[in-house]
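Asks: One-letter residues, chain by chain:
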Amino acid sequence: MQSAVDVLSWILLAAGGAFVFVGGLGALRLPDFYTRMHAASLTDGMGTILILVGIMLQAGWSLAAIKLIAILVCLLLTSPTASYALANAALLSGVEPGNSRAGKAEN
Amino acid sequence: MELFGLYNYWVFAIVLMTGFYAVIAKGNFIKRLIGLSIFQSAVFLLYITMGKVDGGTAPIIQEGVTDQVYSNPLPQVLILTAIVVGISTLALGLAIVVRIKESYGTIEEHEVQSLDRSS
Amino acid sequence: MVILFAVFLLTLLALTAVAIVRTENLFVAVMLTGIFSLLMAANFFVLDAADVALTEAAVGAGISTVLFLGALALTAEHERSVVSGRWLSMGIVVVTTLILIYATFDKPRLGDPRAPVHQHVAPWYLDQTPELIGIPNVVTAVLGSFRGYDTLGEVFVVVTACIGVLFILGVRRGGYSPSPDGDRLTTAGSGLRHHLIPKVVGRLLIPFIVLFGLYVLFHGEYGPGGGFQAGAIIATGIILYALLDGEAQALKAVPRPVLMGMVVGGATLYGAVGVAGIALGGSFLDYSVLADDPVKGQQLGILIIEVGVGLAVCGSLLSIFHAFAARGRH
Chain A
31 MQSAVDVLSW ILLAAGGAFV FVGGLGALRL PDFYTRMHAA SLTDGMGTIL ILVGIMLQAG
91 WSLAAIKLIA ILVCLLLTSP TASYALANAA LLSGVEPGNS RAGKAEN
Chain B
9 MELFGLYNYW VFAIVLMTGF YAVIAKGNFI KRLIGLSIFQ SAVFLLYITM GKVDGGTAPI
69 IQEGVTDQVY SNPLPQVLIL TAIVVGISTL ALGLAIVVRI KESYGTIEEH EVQSLDRSS
Chain C
276 MVILFAVFLL TLLALTAVAI VRTENLFVAV MLTGIFSLLM AANFFVLDAA DVALTEAAVG
336 AGISTVLFLG ALALTAEHER SVVSGRWLSM GIVVVTTLIL IYATFDKPRL GDPRAPVHQH
396 VAPWYLDQTP ELIGIPNVVT AVLGSFRGYD TLGEVFVVVT ACIGVLFILG VRRGGYSPSP
456 DGDRLTTAGS GLRHHLIPKV VGRLLIPFIV LFGLYVLFHG EYGPGGGFQA GAIIATGIIL
516 YALLDGEAQA LKAVPRPVLM GMVVGGATLY GAVGVAGIAL GGSFLDYSVL ADDPVKGQQL
576 GILIIEVGVG LAVCGSLLSI FHAFAARGRH
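Residue numbers (the numbering used here), protein chains in the order written: chain A, 31 to 137; chain B, 9 to 127; chain C, 276 to 605.
In short, the hints are calculated from the structure, not lab data. Keep in mind that a hint or two might mislead.
Claimed, not checked - Listed next, the in silico SDA-like pairs over lysine to any residue satisfying Cα-Cα at most 25 Å (straight line):
(1) A:K97 with C:P482
(2) C:K382 with B:T65
(3) A:K97 with C:L515
(4) A:K97 with C:V321
(5) C:K571 with C:D402
(6) C:K382 with B:Y55
(7) C:K474 with A:L72
(8) C:K571 with B:I68
(9) C:K474 with A:S123
(10) C:K474 with A:L105
(11) C:K382 with C:V321
(12) C:K474 with A:A119
(13) A:K97 with C:A336
(14) C:K474 with A:A100
(15) C:K527 with C:P473
(16) C:K474 with A:I79
(17) C:K382 with C:M276
(18) C:K527 with C:G445
(19) C:K474 with C:R531
(20) A:K97 with C:L479
(21) A:K97 with B:E71
(22) C:K382 with B:Y78
(23) C:K474 with A:L106
(24) C:K474 with A:T108
(25) A:K97 with A:G47
(26) A:K97 with A:T108
(27) C:K571 with B:V73
(28) C:K382 with B:V51
(29) A:K97 with C:P473
(30) C:K382 with B:L86
(31) A:K97 with B:T65
Here the structure is a predicted model, which is why all the values come from computation and not from measurement.
This is chain A alone, in the form it adopts within the complex (with noise of 0.2 Å):
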């Protein structure tokens, strides 16, 4: 039983570390500022997900498991709404959709 349940948290870890790393490639290699942020933003919220929910699972029913659905609760509502208000600066900032040196030009 607790190798099955280790073998599970390790695998969402895994998939978790994979998300965050397609998406830190995303924002590396994407044409212009709001596909790279959109990569980023989006692949962000499923990594934490998984990641907060394969150390869930490595800490058991406790009270750092408590702590953590409050960390991913936290996370859900302020990762989203940080690319929203990130992306509409960017709008309101003048910087055009697909134009990449205007991406550029904000890095």
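With chain A held as given, fit chains B and C onto it using these hints.
Replies: The following block gives chains B and C in isolation, referenced to the frame of chain A:
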């Protein structure tokens, strides 16, 4: 393990001197303050590194556990207060930079100096 | 395994520091400073300094970024790249780095339990804290009781810096008319007032941030936390409110006189606990006499001074923030 035994100190030296470079070579006052805060962070790293003990945990005594090794609490106390004092003094520096900008219209050292000379 | 992780984090730290110094866009530099602080906090955590990591994350990544951005909005975003004596500075820096690295070969390696730093007072603190003070967090015990004089001094440094900022930025603006660069804060001063999503989510989070700050304050004797961290976290929550609803709203929620009261009251509360120790027949900042049982007295004293520290730090950071924000509106 032995190989990396001094790695923290090397990173400390590099980060310290990177901050120092910004302070002595850059003319922009805000950049200098950023350099100063990097310099400060490097010192924090040095102290906290010295406080680490092999196999230790954070110095929060666990009840009923007798053979637990704890890291040195003293450097942590010194740095904890130093971080908050650091942000206060940084704010003071930034306030002075804002006033310099208002009276000179610039925050570059050579421009401030030439304005001083011409007046 | 942990050592690999630590080496990775430290390498990132050094790279970030170099990137901060190299970039000529100050805005990018400030954002990188936030990343630098988070990496530093992670490093502190790897090195067993949970309290320090919490402080660095709240102060370095949160408040110092906001202060830098406030100052940037009032000054200039780009650095003009005139570097005086670049090669001379570079030479000095490289030579000093090499000397420092050479000097490290005489230092005990990381985590050596026989290092001189672990021989003197630290074992005494670890031994005596459960007996004399009876709280699990040794960092809080040393901060509040054994080295209470130090902490009192630090709190007064924070208060003095706050007074200095208020004096420097509080006076009315002189003859220089602001550049268009400096005017940006005026238009952005209303915060994210017209953006529904950040506003709704932010408002939802602010009570929990303040609640977490209070938890950190009153749980500091049992886990990582204490007055300095709590003050910074609560200040972050209120600064978030100011960013969402505009600075005027935040001042309505926590008015200037209240802020001043927090700064002065917090520092005075700390000092008053010390004087109460004298009045009850002990020495300055000796909490043992505050209650019948010396251990209870110590705990009570630490709790009160942590509240004082929290009030002073929170009030100072918020006053400094408002001083920068108000400067843009003139």
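Asks: Look at each hint and say if it fits the structure.
Replies: Consistency of the hints with the structure:
A distance of roughly 17 Å separates the Cα atoms of K97 (chain A) and P482 (chain C); the hinted pair therefore holds under the 25 Å criterion. For a cut-off of 25 Å, the pair hint linking K382 (chain C) to T65 (chain B) stands: about 22 Å separates their Cα positions. For the suggested pair K97 (chain A) and L515 (chain C), the alpha carbons sit about 23 Å apart, so the restraint of at most 25 Å is met. A threshold of 25 Å between alpha carbons decides the hint, and for K97 (chain A) with V321 (chain C) the separation of about 20 Å falls inside it, so the pair holds.
The suggested pairing of K571 (chain C) with D402 (chain C) holds, with an alpha-carbon distance near 18 Å, which does not exceed 25 Å. With a C-alpha separation of about 13 Å, the suggested pair K382 (chain C) and Y55 (chain B) falls inside the 25 Å cut-off, and the hint holds. Only pairs whose Cα atoms come within 25 Å are accepted, and K474 (chain C) paired with L72 (chain A) is accepted, the gap being roughly 21 Å. Between K571 (chain C) and I68 (chain B), the direct Cα distance comes to roughly 19 Å. Compliance with the 25 Å bound is thereby established for this hinted pair.
Distance check on the hinted pair: K474 (chain C) and S123 (chain A) sit about 19 Å apart at the alpha-carbon level, within 25 Å; holds. For the hint linking K474 (chain C) to L105 (chain A), the alpha-carbon distance of about 16 Å falls within 25 Å, and the restraint holds. Between K382 (chain C) and V321 (chain C) the alpha-carbon distance is near 20 Å, which keeps this suggested pair within the 25 Å criterion. Distance restraint check for K474 (chain C) and A119 (chain A): the Cα-Cα separation of roughly 14 Å lies within the 25 Å cut-off, and the hinted pair is therefore satisfied.
As the CA atoms of K97 (chain A) and A336 (chain C) are separated by approximately 21 Å, the hinted pair is consistent with the 25 Å bound. The hinted pair formed by K474 (chain C) and A100 (chain A) meets the criterion: a straight-line CA distance of about 20 Å does not exceed 25 Å. Using a Cα cut-off of 25 Å, the hinted pair K527 (chain C) and P473 (chain C) holds, with the two alpha carbons roughly 20 Å apart. As the CA atoms of K474 (chain C) and I79 (chain A) are separated by approximately 24 Å, the hinted pair is consistent with the 25 Å bound.
For the given pair, K382 (chain C) sits about 23 Å from M276 (chain C) by alpha-carbon distance, which is consistent with the 25 Å threshold. With a CA separation close to 19 Å, the supplied pair K527 (chain C) and G445 (chain C) stays within the 25 Å bound. The suggested pairing of K474 (chain C) with R531 (chain C) holds, with an alpha-carbon distance near 24 Å, which does not exceed 25 Å. For the hint linking K97 (chain A) to L479 (chain C), the alpha-carbon distance of about 18 Å falls within 25 Å, and the restraint holds.
Proximity of K97 (chain A) to E71 (chain B) is assessed by CA-CA distance (about 21 Å); at most 25 Å being required, the pair is judged to hold. Pair hint K382 (chain C) plus Y78 (chain B) holds up; C-alpha atoms about 21 Å apart against a cutoff of 25 Å. Only pairs whose Cα atoms come within 25 Å are accepted, and K474 (chain C) paired with L106 (chain A) is accepted, the gap being roughly 16 Å. At roughly 11 Å between alpha-carbon atoms, K474 (chain C) and T108 (chain A) fall within 25 Å of each other, so this suggested pair holds.
For the hint pairing K97 (chain A) with G47 (chain A), the CA-to-CA distance comes to about 21 Å; that is within 25 Å, so the pair holds. Between K97 (chain A) and T108 (chain A), the direct Cα distance comes to roughly 16 Å. Compliance with the 25 Å bound is thereby established for this hinted pair. This hinted pair checks out: K571 (chain C) and V73 (chain B) have alpha carbons roughly 23 Å apart, not beyond 25 Å. Note on K382 (chain C) and V51 (chain B): the hinted pairing holds, with a Cα-Cα distance of about 15 Å set against a maximum of 25 Å.
Restraint check: the Cα-Cα separation between K97 (chain A) and P473 (chain C) comes to about 24 Å, which is no more than 25 Å; the hinted pair holds. The straight-line distance between the Cα atoms of K382 (chain C) and L86 (chain B) is roughly 20 Å, inside the 25 Å bound, and the hint therefore holds. Using a Cα cut-off of 25 Å, the hinted pair K97 (chain A) and T65 (chain B) holds, with the two alpha carbons roughly 20 Å apart.
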